[in-house]
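*Asks:* As they're listed, the protein sequences go chains A and B.
Under our numbering, the first sequence has 854 at position 103, and the numbering climbs by one with no breaks.
Under our numbering, the second sequence has 104 at position 81, and the numbering climbs by one with no breaks.
Incorrect hints may appear among the rest.
[Said to hold, decoys possible] Covered stretches of chain A (in silico footprint by chain B; criterion: 3 or more residues with CB under 8 Å from a CB of chain B, positions within the stretch not fixed):
1) 783-797
2) 836-845
[What the hints assert, rightly or not] Cβ-Cβ distance ranges computed for the label pairs, FRET-style:
3) B/R119 <-> A/G767: 37 to 45 Å
4) A/I863 <-> B/S62: 13 to 21 Å
5) B/E120 <-> A/T809: 16 to 24 Å
6) A/V764 <-> B/Y33: 42 to 50 Å
7) B/I28 <-> A/L762: 28 to 36 Å
8) A/T756 <-> B/E80: 32 to 40 Å
[Unchecked claim] Here are the simulated BS3-like pairs of lysine-lysine, each with C-alpha atoms no more than 27 Å apart in a straight line:
9) A/K858 <-> B/K67
10) A/K819 <-> B/K40
11) B/K67 <-> A/K819
It should be emphasised that the hints constitute simulated quantities derived from the structure, not laboratory data.
None of these values were measured; they are calculated from a predicted model.
Backbone N, C-alpha and C define an ideal beta-carbon position, used for all residues, glycine too.
Chain by chain, the residues run as shown.
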Amino acid sequence: KQEVTQIPAALSVPEGENLVLNCSFTDSAIYNLQWFRQDPGKGLTSLLLIQSSQREQTSGRLNASLDKSSGRSTLYIAASQPGDSATYLCAVPMYSGGGADGLTFGKGTHLIIQP
Amino acid sequence: DAMVIQNPRYQVTQFGKPVTLSCSQTLNHNVMYWYQQKSSQAPKLLFHYYDKDFNNEADTPDNFQSRRPNTSFCFLDIRSPGLGDAAMYLCATSSREQGYTQYFGPGTRLTVL
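Please model the entire structure based on the sequences and the hints provided.
*Replies:* Now the structure itself:
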């Protein structure tokens, strides 16, 4: 069963900075990896999904990379804005090779962008 | 817009009084999930349906049951809620055609008095 770790647990930066959030997982035999955003008291919004055969995915100011062999993923946020303030969660399928399995989540990075 | 809908958004129940949470989807996804998220914790999978096949997690308490009467709807039944069951309950869907990207509903916040 997977274990997911996210570093840092919290991050506060001034508006406009580029930043990197880190995620690591214990079993490299993943089907995919997904990054989510969660605002306080709300559900999860899917940001990016990287299939196991891919190295990165981009959406607007967000870029996610995947290095399966080392069990790591990063989420890069360019030109941060106060509206980016939220908790960012990384998740992988719970069991090796499973795609439809439920997800194991990291504890998240709580991000604050200072105006 | 295609989406995942959860009702109610907020539910208050009394200790031991059964409660049912509802999830519906217009995405026509064949996989549906229920997660429990307690305050300041990561979401934790309770169970999921692959089509009509029910998959229970080993550590999900017997107090939690689920029904999926058709592709669009899935219900979470908590038979005898305890104070420790107060949490946000999140429903999600996925499909092979979309690479099993999971799409989440807004959640139901359950309070147990």
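*Asks:* A/K819 and B/K40: Cα distance at most 27 Å?
*Replies:* This hinted pair is violated, its Cα atoms lying about 46 Å apart.
*Asks:* Can you confirm whether chain B covers the stretch 783-797 of chain A, using C-beta to C-beta distances below 8 Å and requiring at least three such residues?
*Replies:* holds (count 9)
*Asks:* Starting from B/K67, check that the Cα of A/K819 is at most 27 Å away, please.
*Replies:* holds (23 Å)
*Asks:* Against the 27 Å threshold, does the CA-CA distance of A/K858 and B/K67 hold or violate the hint?
*Replies:* holds (11 Å)
*Asks:* Please check whether A/I863 and B/S62 have a Cβ separation lying inside 13 to 21 Å.
*Replies:* Cβ of A/I863 to Cβ of B/S62: about 19 Å, so the range 13 to 21 Å holds.
*Asks:* Do the beta carbons of A/T756 and B/E80 sit within 32 to 40 Å of each other?
*Replies:* violated (21 Å)
*Asks:* Range first: 37 to 45 Å. Now tell me if the beta carbons of B/R119 and A/G767 are that far apart.
*Replies:* holds (40 Å)
*Asks:* Is 28 to 36 Å a correct range for the gap between the Cβ atoms of B/I28 and A/L762?
*Replies:* holds (33 Å)
*Asks:* Taking 8 Å as the C-beta cutoff, is the stated coverage of the stretch 836-845 of chain A by chain B satisfied by three or more residues?
*Replies:* holds (count 4)
*Asks:* With respect to the beta-carbon atoms only, verify the hint that B/E120 and A/T809 lie 16 to 24 Å apart.
*Replies:* holds (22 Å)
*Asks:* How does the Cβ-Cβ distance of A/V764 and B/Y33 compare with 42 to 50 Å: does it lie in that range?
*Replies:* violated (33 Å)
Comparing the model with each earlier hint shows violations of hints 6, 8, 10; every other hint is respected.
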